[in-house]
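Enquirer: Based on the provided sequences and hints, a complete structural model is requested.
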Amino acid sequence: MSSPSSRSIIAYLAQGKIRLKSGDALPRTVESVYGNSIRDKAVRAAQRHSWKGQGDSSPFAAAAWGNKAMQTGEVPLLITSLCASKEPGSLIYSLESGSLCALLEVRQLGAEEQRLWNDNNARIRHVTVSKETGDLVFSLLHQNGTANIGVKRAGRGGYVELTEGDSFDTAPRWKPGAERYIVYQSAGVGRNREGQFLAFGPFMIQQLDTEAGEITTLVEESGQDCLAPHYAADGSLYYIQRPYVERETHGFFSPVKNLLLFPFRLAHAIYNFLNFFSAIFSGRKLSPSGGAKAREMDMKQMMIWGNLVRSHKQGEVEDESADLVPKSWQLLRRTANGETRPLASGVLAYDVGADGTVVYTNGNAVFLLHPDGRKEHVINEGMIEQVFLVSA
1 MSSPSSRSII AYLAQGKIRL KSGDALPRTV ESVYGNSIRD KAVRAAQRHS
51 WKGQGDSSPF AAAAWGNKAM QTGEVPLLIT SLCASKEPGS LIYSLESGSL
101 CALLEVRQLG AEEQRLWNDN NARIRHVTVS KETGDLVFSL LHQNGTANIG
151 VKRAGRGGYV ELTEGDSFDT APRWKPGAER YIVYQSAGVG RNREGQFLAF
201 GPFMIQQLDT EAGEITTLVE ESGQDCLAPH YAADGSLYYI QRPYVERETH
251 GFFSPVKNLL LFPFRLAHAI YNFLNFFSAI FSGRKLSPSG GAKAREMDMK
301 QMMIWGNLVR SHKQGEVEDE SADLVPKSWQ LLRRTANGET RPLASGVLAY
351 DVGADGTVVY TNGNAVFLLH PDGRKEHVIN EGMIEQVFLV SA
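Sequence positions in the sequence shown follow the numbering used here and run 1 to 392.
Accuracy of the hints is not assured; some may be wrong.
Claimed, not checked - Between beta-carbon pairs, the in silico distance windows are:
#1 D355 to N144: 34 to 44 Å
#2 Q108 to G356: 21 to 31 Å
#3 G356 to T217: 42 to 52 Å
What the hints assert, rightly or not - With a straight-line Cα cutoff of 20 Å, these simulated SDA-like cross-link-like pairs (lysine to any residue) come out:
#4 K175 to A154
#5 K17 to Q47
#6 K86 to K41
#7 K175 to N337
#8 K327 to A354
#9 K375 to L343
#10 K86 to G155
#11 K375 to S321
#12 K41 to G98
#13 K131 to A354
It should be emphasised that the hints constitute simulated quantities derived from the structure, not laboratory data. As the structure is a computational prediction, the values presented were derived from the model and not from experiment. Ideal placement from N, C-alpha and C gives every residue a C-beta, glycine not left out.
Expert: Shown next, in the form of C-alpha cells:
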C-alpha cells in the first residue's frame, strides 16, 4: 500500500463521526462542539429533574430522549451530511438531535466552530457549498416520502425550497462557474391508489436553473439509477451508475395470490415504509433493541441512496478494504463532448478536486484517483458514507 500524498486533506463521515485525514498523519475525529453542548444541557436538565421520581422521566426527558439516556450522556446526535467549505481548511456539516436540525462550520481543521443556522422542522441531507458564492444547497426530507432541493444564501437567514412535487430530489451540487445552476438526482415516488408509498422509480440526473426555474434532464438510463452528479471545473460531469432494482413481476396466479396476501403485504409495506423513513430521518430503525448485539448490527448497516447497505460480517472477508457496495456501482465521467467512460467500480461516494483528483470510498476504504490515472489506497475504515477533499 502506498502512502497518501502529503498535500491531501480528506474529510469523511464514518459511523456518524466526522473524520479527518491530513497527509501521512493518522485519521482523527473532529468533535462537534455544538452537539456536545446539546448533550451536556440534556444531562444537566435530567439531573435537575431527577428528584421528581426515581425511574420516571422528567417532562423535558419525555419530550426529548428519555431520562436514563440523558443521565448517561447518550443523547442521540446524528451528523447527517458533510462537505468542504468555501474557505481553506474548513468543513460544513448538518446535525440532528431530536427535533432540532442545525448547520455548522468548523474552521482550521476543527479548531473553531460556528453555528450557521438551526431549525426545529427541517431535515437536511447532502449539503454542499458554492465555492464562488458560499451559498449552501441541500436536500430537505419530508414525512410524506418526498424530498426537495433547498438553498440557503450566504449571509441570509432561513432557506428556500426550489423543487416540489411527488419526487425524491437529493444530492445537489452547484455547477462551477455558473452559480445559477444546480445538478441533482431525482426519482419519482410510486404510490398505490390510496396514496401510500410503494417505491422510488429510477434515479435520473437533472439540472435546475435557479433564475428561470427551468429543469433539464441531463442523464437518464433505462434500467439504471444515475446518482450523485458533480460538475468538474473542466465541464466534465461525474456520476455514479448502478442497476435499478425492478419490482417483482406478476404471473398468471398473481391476482388470486395478491388478494390472499393483501392484508399481510399491506402491513409489511407500512412497516417497511415507516422503518425506512425512521432510518433516514433519525438514523435508527423501528426494530426493538436487542442489547449490545443488536446495537453492533445497527452500526454495520446504513441507508445510502435509498438502499440499506450492510457491511460484511467479521471473518466473512479477509480484505478490510473490500467493497461495501457491489462492483456494479460505477463512477462514470462524461466529458463536455459527450464521451463517457468508467473510472472505478464499487463506488459509494466520491468528490472531485479542482485539479481533477478524485477521492472515493467503497464504504470500507478511501482511494485517490490522480489526474495521471494512478490509483492510491489511502485508508481502511468501516461504514464510510461520504467523502470530500478539503483545500489546505
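Enquirer: Does the structure keep K375 and S321 at a Cα separation of 20 Å or less?
Expert: holds (14 Å)
Enquirer: At the C-beta level, are D355 and N144 separated by a distance inside 34 to 44 Å?
Expert: holds (42 Å)
Enquirer: Between K41 and G98, does the CA-CA distance stay at or below 20 Å?
Expert: holds (13 Å)
Enquirer: Take the C-alpha atoms of K17 and Q47, compute the straight-line distance between them, and say whether it is at most 20 Å.
Expert: violated (27 Å)
Enquirer: Please work out if K86 and G155 have their alpha carbons no farther apart than 20 Å.
Expert: holds (13 Å)
Enquirer: Measure nothing beyond the straight line between the CA atoms of K175 and A154; if it is 20 Å or shorter, mark the hint as holding.
Expert: Given that 20 Å is the threshold and the Cα spacing comes to 17 Å, the pair holds.
Enquirer: Please work out if K375 and L343 have their alpha carbons no farther apart than 20 Å.
Expert: holds (10 Å)
Enquirer: Do G356 and T217 keep their Cβ atoms within the hinted range of 42 to 52 Å?
Expert: violated (26 Å)
Enquirer: May I ask you to test the hint 21 to 31 Å on the CB atoms belonging to Q108 and G356?
Expert: Since Q108 and G356 have Cβ atoms about 27 Å apart, the given range 21 to 31 Å holds.
Enquirer: Does K175 pair with N337 here, judged by a C-alpha cut-off of 20 Å?
Expert: Judged against 20 Å, a Cα distance of about 17 Å means the pair holds.
Enquirer: With a cut-off of 20 Å on the C-alpha distance, tell me whether K86 and K41 pass.
Expert: Roughly 31 Å separates the two Cα atoms, so the pair is violated.
Enquirer: Does the structure keep K131 and A354 at a Cα separation of 20 Å or less?
Expert: At roughly 11 Å apart (the allowed maximum being 20 Å), A354 and K131 satisfy the hint.
Hint compliance for this structure: hints 3, 5, 6 and 8 are not met, and every other hint is.
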